[in-house]
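**Q** With the hints as constraints, model all of the structure from the sequences given.
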Amino acid sequence: MRLNTPRFGEVDVKEEDIIVFPAGILGFEHVQRYVWLEHSDDGVFHILQGVDDPAVAFVLINPLVFRPDYKVEVPPEQVAVLELDRPEEALVMAIVTVPDGDPASMTANLRAPVLFNAEKRLGCQVVMPDGPYGVRHSILAELQAAAGQESGDDAQREPRTTK
Amino acid sequence: MLVLTRKRDESIMIGDDIKIIVVDVRGDQVKLGIDAPRHIPVHREEVYKEIQEENRRAALKEAPDLSALGRVLRGPAEKPDGDA
Chain A
29 MRLNTPRFGE VDVKEEDIIV FPAGILGFEH VQRYVWLEHS DDGVFHILQG VDDPAVAFVL
89 INPLVFRPDY KVEVPPEQVA VLELDRPEEA LVMAIVTVPD GDPASMTANL RAPVLFNAEK
149 RLGCQVVMPD GPYGVRHSIL AELQAAAGQE SGDDAQREPR TTK
Chain B
23 MLVLTRKRDE SIMIGDDIKI IVVDVRGDQV KLGIDAPRHI PVHREEVYKE IQEENRRAAL
83 KEAPDLSALG RVLRGPAEKP DGDA
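The listed protein sequences derive, respectively, from chains A and B. Everything in the first sequence is counted per my numbering, starting at 29 for the first residue and increasing by one. Everything in the second sequence is counted per my numbering, starting at 23 for the first residue and increasing by one.
Since the hints were derived computationally from the structure, they do not count as laboratory data. The model shown is predicted, which means the values in this text are computed figures rather than measured ones. Don't take every hint at face value.
[What the hints assert, rightly or not] Derived, one-sided and incomplete: chain B residues facing chain A with beta-carbon distance under 8 Å: (1) Tyr70; (2) Leu82; (3) Glu84; (4) Ala85; (5) Pro86; (6) Leu95.
[To be verified] Result set (DMTMM-like, lysine to aspartate or glutamate): computed pairs, CA atoms no more than 20 Å apart in a straight line: (7) Lys83/B x Asp80/A; (8) Lys83/B x Asp128/A; (9) Lys53/B x Glu75/B; (10) Lys83/B x Asp81/A.
Even for Gly, the Cβ is constructed at its ideal location relative to N, Cα and C.
**A** Here it is in structure tokens:
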């Protein structure tokens, strides 16, 4: 079907591309179907485009890109909706917030990542309990922190230390 | 708003599919068990609101300039000592 999206123009959507979020995304429960769009050349940012409501779209990023030690820890009930054989198989993405006209200040929600069962085309947003992650992590600051941990030795790469 | 009083181990049905059980009561803390279908998200209200608010901020209002975002990411990686 042709989806008329306000931000990406007309998008051709095949039934088999549709990802179902049985519980929707918090605050957007009226949208249960999404498609995954690739709009960046370097494959770092992805778009989750709403099908039920084309006005709804999010930017996603793989948290490991800027936070290599990122781990999702949630009770299995939160992931049950993905029908995974093993929870570790979930594809993990974080929703990115880009403040208007200030991409350098973009933040990622590491407290409530979006998980996918890529094979069954199912998705859900999980919420981690109080812990090391918040809803707004500055991607640039995290990248710089990770880079800073490598400085001081340009002869060989040292393993990334985790807190 | 419907207000019901329950004791430990008693429960409440919401529709046919949602059950709330008072698992434990200790001082001013109540431990609740929630039995709900997978497609119904269940969260502490303040957490729900915080995530909901952040999702709303994140929802795209205009077409994102993904190349600009990519440039921001590549910026700090391009260090003079050639770390790549």
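**Q** Taking the hints in turn, state whether each one holds.
**A** Each hint tested on the structure:
Using the Cβ-Cβ criterion of 8 Å, the hint placing tyrosine 70/B at the interface with chain A is satisfied: the shortest such distance is roughly 6 Å. Hint status for leucine 82/B relative to chain A: holds, with the closest Cβ pair at about 5 Å, below 8 Å. Interface restraint check: glutamate 84/B against chain A, minimum CB-CB distance 7 Å, threshold 8 Å, status holds. This hint holds: alanine 85/B has a C-beta 4 Å from the nearest C-beta of chain A, less than the 8 Å allowed.
Against a cut-off of 8 Å between C-beta atoms, the interface hint on proline 86/B holds, since the closest Cβ of chain A lies about 6 Å away. The beta carbon of leucine 95/B comes within 6 Å of a beta carbon in chain A, closer than 8 Å, and the hint placing it at the interface holds. For the suggested pair lysine 83/B and aspartate 80/A, the alpha carbons sit about 17 Å apart, so the restraint of at most 20 Å is met. Only pairs whose Cα atoms come within 20 Å are accepted, and lysine 83/B paired with aspartate 128/A is accepted, the gap being roughly 9 Å.
With a C-alpha separation of about 26 Å, the suggested pair lysine 53/B and glutamate 75/B falls outside the 20 Å cut-off, and the hint is violated. With a CA separation close to 13 Å, the supplied pair lysine 83/B and aspartate 81/A stays within the 20 Å bound.
Violation of the numbered hints given earlier is confined to hint 9; every other hint is satisfied by the structure.
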